[in-house]
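One-letter residues, chain by chain:
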Amino acid sequence: AAGVIQSPRHLIKEKRETATLKCYPIPRHDTVYWYQQGPGQDPQFLISFYEKMQSDKGSIPDRFSAQQFSDYHSELNMSSLELGDSALYFCASSLGGLAGSTGELFFGEGSRLTVL
Amino acid sequence: DAKTTQPTSMDCAEGRAANLPCNHSTISGNEYVYWYRQIHSQGPQYIIHGLKNNETNEMASLIITEDRKSSTLILPHATLRDTAVYYCIVSLYGNKLVFGAGTILRVKS
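Keeping their order, the protein sequence lines are chains A and B. Residues in the first sequence are numbered consecutively from 216, following my numbering. Residues in the second sequence are numbered consecutively from 1388, following my numbering.
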């Protein structure tokens, strides 16, 4: 079965550069969630989208922005990168958004960002 | 969302049942209990969820106390591949999941 696809899997950037991560949800899933997991940390919720609209917002820095496109894929844009942005970034998808979700989020394998 | 408390770590012998407890004393009536696990640096994996009745699927069983202030995840026959961080999360149905400090389960042969 198709899973959540994230790209790139690994990314190395310099401080102050910009990075974009992409997430392709499971087909027919309409809700996307972004999580950040620093070294030795638990996953932290950043932001979510349902039907191309932002549905919830967590601890996402102002330097970061995200959107969900008409084909339901999502992109996380990170600017003015800092050393502390080095982390695993997970995308998850579900079907039904706030009202219809079964509660089961399907996570991708993550994108590892290293900021030097 | 209600806060949860889990043991930092637990050990379990391979082939035995692993019982992972979770306290969520401030849970509200319409909040669900979710369990996820994360095997080293992989994406978190859904295990099971419930509201007030006990639930069972092919992976595990979830036992929720009658007052809903605590729950236990049971892996009936733990294998080495079950070694992971297990997260108990309380959330409104369909809401974002907020991961707290989970339990590191080490299954040993």
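Quick caveat, the hints were computed from the structure, so don't treat them as lab data. Just so you know, these numbers come straight off a predicted model, no measurement behind them. Some hints here could point you the wrong way.
[Stated by the list, open to error] No farther apart than 30 Å at their CA atoms in a straight line, the calculated lysine-lysine pairs in the DSS-like style are these: (1) B:1390 to B:1456; (2) B:1439 to B:1390; (3) A:237 to A:267; (4) B:1495 to A:272; (5) B:1439 to A:272; (6) A:228 to A:272; (7) A:230 to A:272; (8) B:1456 to A:272.
[What the hints assert, rightly or not] Not the full set, but computed from the structure, chain A residues with beta-carbon under 10 Å of chain B: (9) 219; (10) 221; (11) 222; (12) 232; (13) 233; (14) 234; (15) 239; (16) 270; (17) 273; (18) 277; (19) 284; (20) 287; (21) 307; (22) 320; (23) 321; (24) 322.
Ideal placement from N, C-alpha and C gives every residue a C-beta, glycine not left out.
Okay, the hints, checked on the actual structure:
no., hint, verdict
1, B:1390 to B:1456, "11 Å, holds"
2, B:1439 to B:1390, "17 Å, holds"
3, A:237 to A:267, "15 Å, holds"
4, B:1495 to A:272, "39 Å, violated"
5, B:1439 to A:272, "28 Å, holds"
6, A:228 to A:272, "25 Å, holds"
7, A:230 to A:272, "25 Å, holds"
8, B:1456 to A:272, "27 Å, holds"
9, 219, "8 Å, holds"
10, 221, "9 Å, holds"
11, 222, "14 Å, violated"
12, 232, "24 Å, violated"
13, 233, "24 Å, violated"
14, 234, "19 Å, violated"
15, 239, "14 Å, violated"
16, 270, "8 Å, holds"
17, 273, "7 Å, holds"
18, 277, "19 Å, violated"
19, 284, "20 Å, violated"
20, 287, "17 Å, violated"
21, 307, "7 Å, holds"
22, 320, "6 Å, holds"
23, 321, "7 Å, holds"
24, 322, "3 Å, holds"
Hint compliance for this structure: hints 4, 11, 12, 13, 14, 15, 18, 19, 20 are broken, all remaining hints hold.
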